[in-house]
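Chain order of the listed sequences is A and B. 388 is the number that our numbering gives to position 405 of the first sequence; each next residue is one higher, with no gaps. 357 is the number that our numbering gives to position 374 of the second sequence; each next residue is one higher, with no gaps.
There may be inaccurate statements among the hints.
What the hints assert, rightly or not - Cut-off 30 Å, straight-line C-alpha distance, at most; resulting in silico cross-link-like pairs (DSSO-like, lysine-lysine):
| # | chain 1 | residue 1 | chain 2 | residue 2 |
| --- | --- | --- | --- | --- |
| 1 | A | K102 | B | K374 |
| 2 | A | K374 | B | K102 |
| 3 | B | K382 | B | K102 |
Calculated from the structure, these hints are not laboratory results.
Read off the chains here:
Protein chains: 2
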Amino acid sequence: MREQVFILKGNIIFSKSRTELEIHEDSYLVCQGGKVKGIYRTLPFRLGGYPITDYGESLIIPGLVDLHIHAPQYSYRGLGMDMELLEWLETNTFPEEARFSDLEYAASSYRIFVENLKKSATTRACVFATVHRPATLLLMDMLEKTGLCTMVGKVNMDRNCPDYIREGTEESASETVEWVKDALGRAYKNTRPILTPRFTPSCTDELMEKLKGIQKEYDLPLQSHLSENPSEIAWVKELCPWAEYYGQAYDRFGLFGGECPTVMAHCVYSGEEEIRRMKENQVFIAHCPESNMNVSSGIAPVRRFLDEGLHVGLGSDVAGGSSENMFSAMAHAIQSSKLRWRLQDDSLKALTVEEAFYMATKGGGEFFGRAGSFEPGYEFDAVVLDDSRLKHPQPLDVKSRLERMIYFSDDREIRAKYVRGKRIEL
Amino acid sequence: MREQVFILKGNIIFSKSRTELEIHEDSYLVCQGGKVKGIYRTLPFRLGGYPITDYGESLIIPGLVDLHIHAPQYSYRGLGMDMELLEWLETNTFPEEARFSDLEYAASSYRIFVENLKKSATTRACVFATVHRPATLLLMDMLEKTGLCTMVGKVNMDRNCPDYIREGTEESASETVEWVKDALGRAYKNTRPILTPRFTPSCTDELMEKLKGIQKEYDLPLQSHLSENPSEIAWVKELCPWAEYYGQAYDRFGLFGGECPTVMAHCVYSGEEEIRRMKENQVFIAHCPESNMNVSSGIAPVRRFLDEGLHVGLGSDVAGGSSENMFSAMAHAIQSSKLRWRLQDDSLKALTVEEAFYMATKGGGEFFGRAGSFEPGYEFDAVVLDDSRLKHPQPLDVKSRLERMIYFSDDREIRAKYVRGKRIEL
């Protein structure tokens, strides 16, 4: 083995399947060349001599994946939550995002976001920036420095938003090309550009067409919003009377999965046809349960998505969600699925701890390729959790300790974090 | 002024009404003899010379009130959340509560609970213990030492629970009398016994009658559970066929408000008659939104309770709820009210920040008399919050800073805490 090898020791947990955990107590997790080599209860002779970090009683889990977060909104997380989606965009989002034309302000805001994301259990994220090319590149530079693995998008908006933040159609396309070229030119190791039309109401058909051209030319993944809120959906119907369902408003332009990896946030109200098409086109769903509560959207039928075999991960959706903490996102996913079962449709059973953990790791991780698991060959993203702050008088097994983490851990529990085999400085 | 006077300086916030905050920036909050004397922008001449603690930019709010928490369940908070109420009681609650017959175990468990409650923003709480008299007294001793102001109940259960935790009817009554006498004999300053029949399914009619006698003799408040979960309610109907609604199963024995202060947890499914009677009898409602999600109960119609002028406070309901953090309880109350509006009944508007804050302070505080406000004459319970950990690039007004606290503060923000004019050692 010429490639770099190192070994972590602790209580190792990852998803064996959507519904089952695989737990290796007091075992060795081996990284070779940035990938998972294997898990061993007793270290094989041939692995002797490589550096071992013994994390004792700590839990070692795959890094968490946030499939949907808005970096510029981090500054007002937890604020103005007494509004629904469209009012909230107008009142909070657009004025704040407009400030990112000022690079100095962008730096001061993104510094806080990046620092806190680094300290969290998140190792990978799909990130919305703003319409501004320089600030988006700045954010990418900053994220690259952390060692986290991210896809970051300059937002496109050429209609239905205030003048001060609206792009011309040509301008939006050409700025996107410039941004993509610039980003690719910087030869980041862990940071990739992702096409980011905000959502159908803010992008003209013409712009969508141009984005498809750019996507083809540069082979880019895409992120956007889908079927989040009843008023938004009604609006899309008005804007695209030809679309039988919201997803078609992307699909018509070839921006709904298929060749290019695509992730759509929310899908609270996706119906039969939309679900069928997402499945066919391997569209990833970013389920954002806290945001869906905070802006009064509703609760997505996640059990259905999982049963149908769709790709589902979790998103914090800051600032629709208040926190970048993906453990909270897991708890909110479980909690809201229970309310959905009770209040809306008792044919869809509530989500379990195992399922929430799956979505936050491998479910979302697959959007990045082989990430979110400790199966051999997966990229080595690991988070080491020291739960000793959370005292208990009785003995607890490893699964119970993981469950507690979901309900109340925060950055104080993060003892170490690795992305693609590199340790992140916390 | 012969009584002790001291003064805190900071950004003072409390509820002016159910729907409005009163905010005094950079002002003086004066405590005299354990009570609020007044708030001043400029300190009057006659208050010169008294000690001032300047908390600078910090927020100063009334101490938070937790109207419903189970101390022995703290050890398994965040665990076994994949069950509904009755299964969860059988699987988690009863086996764990049984261990409190062992005083040593009780001490090791309650130590953790008491320490964390002390470090939280909670200054007052209504606490369930277990059926065990010695462990309940131990808990009261421990809580008294913290300086927090609590009502604590030895639980009564003489039916429908496993042998190992079930009391005989006579035994339950006589142990209760012994416990009350012992507790009163200890002459606590801040700790009061509160009658605690667990809920109708676990108390026979005969025991309820005896408890009424004890309540009269010792003039005791009462806490219990009401209309939490559909299966529980159906069970109460079977057990008490004479009751037209669940509340009557308490009311028939005189244990549903009126003369003696009474707080009922949950009230998720309270109908017309139950609501009318709670109003008439001044029964307090402990709304426990996180618990109601976690054990799949549903969402209480809190907007309706508030509109009708009922007394409503918040409860963490650990371990149905995962955390003692009453800021989280406020966030959960707002979030679940939005889902209720969206999924169940759009005639009841979602709760606002102001309303959640009111419930967590004055709404619940009134169960303790004049607590939960900074109006003159209220008992001086105050929490000082340093929110500087939660960085932001833009200026934020005081109300926004409070709103952020609701969504993501934890014990790290608690800079100081006062109960009845005494500073608590954190």
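Quick rundown of the hints versus the structure:
1. A:K102 / B:K374: 14 Å, holds
2. A:K374 / B:K102: 14 Å, holds
3. B:K382 / B:K102: Distance ~24 Å between K382 (chain B) and K102 (chain B) Cα, so the pair holds.
Violated hints for the displayed structure: none, as all numbered hints are satisfied.
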